[in-house]
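In the order they appear, the protein sequences are chains D and S. Residues in the first sequence are numbered from 1 upward in steps of one, following my numbering. Residues in the second sequence are numbered from 1 upward in steps of one, following my numbering.
Fair warning: there could be bad hints in the mix.
Derived DSS-like pairs: lysine-lysine, alpha-carbon spacing no greater than 27 Å straight-line [as the list claims (entries may be wrong)]: (1) D:205 / S:233; (2) D:492 / D:358; (3) D:150 / D:101; (4) D:422 / D:302; (5) D:362 / D:352; (6) D:528 / S:160; (7) D:356 / D:328; (8) S:160 / D:270; (9) D:205 / D:356; (10) D:218 / D:205; (11) D:510 / S:219; (12) D:302 / D:270.
Far from chain S, by Cβ distances over 10 Å, these chain D residues were calculated [unchecked claim]: (13) 45; (14) 90; (15) 137; (16) 182; (17) 231; (18) 251; (19) 280; (20) 282; (21) 318; (22) 326; (23) 367; (24) 392; (25) 462.
Hints are computed from structural coordinates only; laboratory data are not their basis. For every residue, glycine included, the Cβ atom is placed at its ideal position computed from N, Cα and C.
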Amino acid sequence: MKRRKFLRGASLAGAALPFLGRPTLAQKNAARTLKIIHNGNLASLDPIWTTAPPTKDYAFLTFDQLLAVDSKYVPHPQMAEGWTFEDDGRTFVLGLREGLKFHDGEPVRSADCIASIQRWGARDGFGQLAMRFVDTFEAIDDRRFRIKLKKSFPLLPAALGKSNSSQCFIMPERMAKVDPMKQVTETIGSGPYRFLKEEFVSGAKAAWAKFDGYIPRKEPVDSIAGGRIPAVDRIEWAFISDPSTAMAALIAGEQDYWDAPTLDLVPVMKADPNIVVSPRNPTGSYYMLQLNHTQPPFNNPKVRQALAMAIDQSQFLKSAVSDPALLKPCYGYYGSDSPYASEEGAEILKTKSIEKAKAALKEAGYAGEKVVILGVMENPTLAAMSQVAEDLMRRMGMNVQLVAMDFATMAQRRTSKEPTDKGGWSMFVTAWTGSDIVNPAVHQMLRAGGPTAWFGWPNDPEMEALRDQWANTATAEAQKKPAIALQVQAFKTLPYIPLGSLVSLVAYRKNLTGVFPCPVAAYWNIGKS
Amino acid sequence: MLSYMVRRLLTAVPVMGVVALVVFSLLYLTPGDPAQVLAGDTATPEQIAQIRAALGLDEHAPLRFARWLWHVVQGDLGVSIFSGEPVTHMIGQRLAPTFSLLLLAVIISVGIGVPFGVAAAARPGSWLDWALTTFTTLGFSLPAFIAGYGLAFLFATTLKWLPVQGFVPLSEGPALWLRNLILPAVTLSLVYAAIIGRVTRASVVDVLSEDYIRTARAKGIAPRVILFRHALKNAAVPVVTIIGIGAATLIGSAVITENVFAIPGVGRLTVDAILHRDYPVIQGVVLMLSAAYVLVNVAVDLSYTFLDPRIRY
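Excised from the complex, chain S in its bound form (with noise of 0.2 Å):
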């Protein structure tokens, strides 16, 4: 298992290089230009072509690729046009929140998409299977955004049980933690405890009318074993596979999520650096996705292994 994961590591790094090739060439189709923003409305042309200069923008752009690229090869991202600070240390402030509000939603959403799959699959047909589709179709069609302010009108405006928006490190406490998270990692997982319950309703549904389940009920095992010990256990793949590119899909989803409750992640990093054409940022913020992907995707792989003794590498 240990060479797959390393092949498939390895496999990892051509396809991040595409994407560090793709994500410059459109930045540097982009229109827009950091020495204007920044050098700010009174400056002359000559300013301007100054400050061009001094950030190297003014390079042939392999030039400039070819540098970054042999930067990063070495760990380093390079620094922000605007801020002048490492884009590592940029993206490192901003990993806590992110991942705070990942691994929460994630939690959240396993919590709910899963026990709610279960139950439905069991009863197929029943109002617990048809609140599941309604749950899911409204998870579906919510977009975030009117999830997320729909959330703090209720809970932070009118009932002042949880905060409006902002963040606090777990080393502060984890109800003050919790407590800013619950709604922007609620908002966050309501699409995505929607695909877990669908998927693993079908899953569950489909694995409960294998022959091996009849042959479990006609030894009369009890039903809640059938459904908890064999049924869910085999259908665990495809739930772990769409709860592992949920994760990754996450990612992008929280660059919204954060902007409505102000939470200081990486998705509105992004989102500053990309209304500013602060190229180092960008390059280094989406780099470090992409890195995210794959390696969720090769955990997922891995994990195949555990849940089913069958799958080998």
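For reference, chain D alone in the conformation it holds in the complex (with noise of 0.2 Å):
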């Protein structure tokens, strides 16, 4: 080979390179195509085998849901036309509404239904508790089914129709059947969007189309109840993980909407007149020190009641973000647009004294014995008020260490109940939304059955029975009292203290229409003007 030719031929294959690209799958019109920045990464498009957020946005455009609630919790008809319990609320019969179609054309039908509430049921904690109450379930006909109950539980609607963590999305049977251990491989949606799977690259980019044979509801939107109207043709998402990229790709107009602003830079945001901050998410998120109640320190009641005498919510809240107006300090186990949102109980929690705490601490028997504390530095948010916790316990006189760690590396450590010194721990701080937290059902980390609880591992007997007790009773007004009081109780054993809500803020084009507020990351009804 000539040296000219080689050098020749390598130029023209390193040029052709590029042209592995893949070739353009649409057409876009701008006008009609929704460009959002998507914080997570899209990995799994299965929304039962994983909860990871992205994924459960991904759910909400793809597929439907039987029923939804409102902003109050309330359930409505979402796919159903609705439903009636009888037989002393022993038998619950809910029927689908007419023309209902998945994205592959074929009809909704009661087997997809009963199949898909299966393995929703084999996988998310309300889920569960709704499956221990169930006896059979039967196709009554194409667009009605039953499903009997060992005994009655009202609170099936509200578990079908949740927006918090798992939620009941309908698909096809042949989907729905997969081992729900095991991910779905197929993405035909009941949904309002059809997902373009040929395009999707995970971690970079995802595409939806709208689905011409969506029946959207008559209703007005209400959360996530309501008419889930496609309003525009096309929506886009791009992962950008650089909150500055984001920002700017946001001020040039080359995205539309960004779901989770880093919030130190929303005020250059709020100076742009063509950018709107506001928030969405009326529940916010909710920030909790998750204490180890199987190793000491924390063992010990009475250091844990030491520990929340200390707290100062808003000195946590602050450290994440200056303005006044995002931190809104929770004294309460339920959010605060729960209805059992209350304070009774959290005396504790305003005591606020460095001092008391420290005494309470010497009364306690504290011994010098080292407290871990798992700080997730990825998230700005939880890495600070990991640090503002650990100065805390310092001027409390305790022994701490704050060990740095990205996500992953928690997720496995925190399942340890090892001592701290054999790869264990002692707190972490974590957050919830709103909707995570809103009743006894949904909320995790008010389940105190030790080995069964989570991560910290809680075991208070009373709690359990109230729960319990809140679960069997029959109407929502006389749920409240049973509610409040393992509230009133778990201020007494504190399975966590909680550290208060920050607001949550979206950021997108002036130019957008119909943003409603949701409290999850829902895409239906905005248009571009």
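Using the supplied hints, reconstruct the complex from the two chains, each of which is provided in its own coordinate frame.
Okay, structure coming up:
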């Protein structure tokens, strides 16, 4: 081979490399395309298999629900025409609306709904609770099915229509029959937008097209209930992990909507007349100090109480956000929009005194046991609050070590029940949305069944008894009493310490229309002028 | 030369085997459990154990490594724990943006570094030489993320000449492709151009002091011809070496640049996989990068024979 020939050939080959790019798959019309900056990486396309937030957001566009709760957490029909309880509440009958179709054109049938409920019920916490009451499922015909219950379970509609964690999305029967421990590979949904799998690049790009066969409800939108109207032809998600780049893309008009703007960049965006920054999730994010109840020193309830006396929620919240309008202290175990929102029993959290906490700590017999904080540093808010916790406990005279790590490391280490010198832990800061802590059924952190409870494994049989009492109470009004009694008991044994809430903001271009308050990242009804 | 090429490629196999073993061992020792991450906050320990078993994560490490290696030999890098997609497909989706970025960065770096270096070498101590020194100092000391933000702020946010982020495949039009890649490629090429400039200058200065250059000058050959035909050609071997090594190193630097400019390339894939402990993807990407590194080095070695006919393998 001659040298010149080689060099020429190599040059041509190099020049051809970029052509390896995928061909254009869709004609994009900017005015009819909603471009969204999504913070998380959409990896899995199965909302039952994983509870990862991006997968949940994907599912809300792609799949529909039988029922959906409104802003007051009252369930309403969504795909359902309606439902009835018969036989003293021991039979639940649900009818589907006419003309509902999946994205492959097949009609939505009772069999699809039953299989979807069963798969969801095998994985989700509220679903598992509901399944404990279920005796049998029976398809009456293609549009009606019956669920026979072992005993009355009035919360079944709320479970089927819930907005938090893992929702009961309706998939074709063949997808819903897949082992809940394995991922579905198809993306045939029942929702307002059809997922364009051929354009999907995990962690980079996802796209949807309006599903022409979708029939939205006529009622006005109210949280996740009401009409889910596909207001644009196409939705695209870009996964931009760098906040400065995301902000610049929004300001430059390359993107239309940013689902989770970093709070320290908010003032810059507010100064731009073309950008709207506003709270969208009315429930906000609730932060908590999760304590390990199996290891010293927090296996001692008096040490937990001493720490609670030192906590000043505003200090924790201010460490993350300087704008006082975004800080919302919350002296309760339920979110402020919960029907059970109350400050009953919260006196200990209002103590806010280091001196009193020191005295209580001494009285508790604290002997300098090491406190290991698992600090997730990739999240600025969790990192800041972990540092405040470290400082606070040092000032109380405790022996503290803040261990910096990423989320995946924390997710593994928090499973350890070993002592702190053998890879265990004492506490970590975590956050849930308001809809995750709205009632005792969905509130994972209020479970106190010891080994079966959430990480930290609080053990309080009285709390468990009160939850059962709540679940077995027939009316919503009567449920308030055991729910609040559960909170009062929780403030005595402190499964975790509430740190208050922060308002969650979204940022979008001024020409977007129909952005409505919603506890999840829902993109139906949003159009462009 | 063919036998040399085959020999070099064969020696790369054990190198990549060692890389694979080291990466697997490091991942095995790194804390973090993908089953925990994907099961979510509400999963019970039983559910997490079931997921771990379904993914084969509960098997002994040597068995997992042996199984993975056996599949790799057959051209199968496994499937992502999180997306369930084949790793080869995921890497394939990300190659075009990364190759485009690297190609343009190399072109810009060589385009700036070589002429700048030659010009500075031709007039040592001149203002051009000082300018090269200043440029290389800046290029070395300016981190890619600072340069990237600065360029994006000036050319994208303020002047609105270029887009802030994203990648457009060449198939959608060369102009669009180039428009999206200019800022990240310039960001990536700053350090690289600085290195090439320095090495070119040093190498050309060396050659210019050789006897045969003095002879050429004595014969009255034009300085431009001496510089480009005689000096640069003979100074090319170290320059090409640094271009090759730099090109391989750029693959690592691309991680930051892809993140700053939201380019869906191999770098972003690697970071996402590490954060999620998506072991098959991490292993696949590292193996691919090590193969690329080896291939670039082999290509550089082979190029010597074309640049300097005295070199024979």
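Consistency of the hints with the structure:
1. A C-alpha spacing of about 45 Å is found between residue 205 of chain D and residue 233 of chain S, which places the hinted pair above 27 Å, so the restraint is violated.
2. A hinted pair counts as satisfied when its Cα atoms are at most 27 Å apart, and residue 492 of chain D with residue 358 of chain D qualifies at roughly 18 Å.
3. For the given pair, residue 150 of chain D sits about 32 Å from residue 101 of chain D by alpha-carbon distance, which is inconsistent with the 27 Å threshold.
4. In summary, the hint linking residue 422 of chain D to residue 302 of chain D is supported, as the alpha carbons are separated by about 24 Å, within the 27 Å threshold.
5. Between residue 362 of chain D and residue 352 of chain D the CA atoms are separated by roughly 17 Å; this keeps the pair inside 27 Å, and the hint holds.
6. Distance check on the hinted pair: residue 528 of chain D and residue 160 of chain S sit about 22 Å apart at the alpha-carbon level, within 27 Å; holds.
7. For the hint linking residue 356 of chain D to residue 328 of chain D, the alpha-carbon distance of about 24 Å falls within 27 Å, and the restraint holds.
8. Note on residue 160 of chain S and residue 270 of chain D: the hinted pairing holds, with a Cα-Cα distance of about 20 Å set against a maximum of 27 Å.
9. For the proposed pair residue 205 of chain D and residue 356 of chain D, the alpha carbon gap of about 53 Å is over 27 Å, so the pair is violated.
10. Under the criterion of a C-alpha separation no larger than 27 Å, the hint pairing residue 218 of chain D with residue 205 of chain D is inconsistent with the structure, at around 32 Å.
11. A threshold of 27 Å between alpha carbons decides the hint, and for residue 510 of chain D with residue 219 of chain S the separation of about 73 Å lies outside it, so the pair is violated.
12. At roughly 46 Å between alpha-carbon atoms, residue 302 of chain D and residue 270 of chain D are farther apart than 27 Å, so this suggested pair is violated.
13. The claim that residue 45 of chain D lies off the interface is violated: its Cβ sits roughly 8 Å from the closest Cβ of chain S, which falls inside the 10 Å cut-off.
14. Distance check for residue 90 of chain D against chain S: the nearest CB is about 28 Å away, which clears 10 Å, and the non-interface claim stands.
15. Look at residue 137 of chain D: its CB is around 22 Å from the nearest CB on chain S, clear of 10 Å, so calling it non-interface holds up.
16. Annotated as non-interface, residue 182 of chain D brings its C-beta within 10 Å of a C-beta of chain S; the closest such distance is 6 Å.
17. No beta-carbon of chain S is positioned within 10 Å of the beta-carbon of residue 231 of chain D; the least distance is around 24 Å.
18. Listed as outside the interface, residue 251 of chain D is inconsistent with that label: its C-beta sits roughly 6 Å from the nearest C-beta of chain S, within the 10 Å cut-off.
19. For residue 280 of chain D, the non-interface assignment is confirmed: its Cβ lies about 22 Å from the closest Cβ of chain S, beyond the 10 Å cut-off.
20. Every Cβ of chain S is farther than 10 Å from the Cβ of residue 282 of chain D; the closest lies at roughly 22 Å, confirming the non-interface assignment.
21. Even its closest Cβ contact with chain S, about 26 Å, leaves residue 318 of chain D beyond 10 Å, as expected for a residue assigned away from the interface.
22. With a minimum CB-CB distance of about 24 Å to chain S, residue 326 of chain D clears the 10 Å threshold, and the non-interface call stands.
23. Every CB of chain S is more than 10 Å from the CB of residue 367 of chain D (nearest about 29 Å), matching its label as outside the interface.
24. Separation of residue 392 of chain D from chain S is adequate, the least Cβ-Cβ distance of about 25 Å exceeding the 10 Å criterion.
25. Residue 462 of chain D, annotated as away from the interface, keeps every beta carbon of chain S farther than 10 Å; the closest lies near 22 Å.
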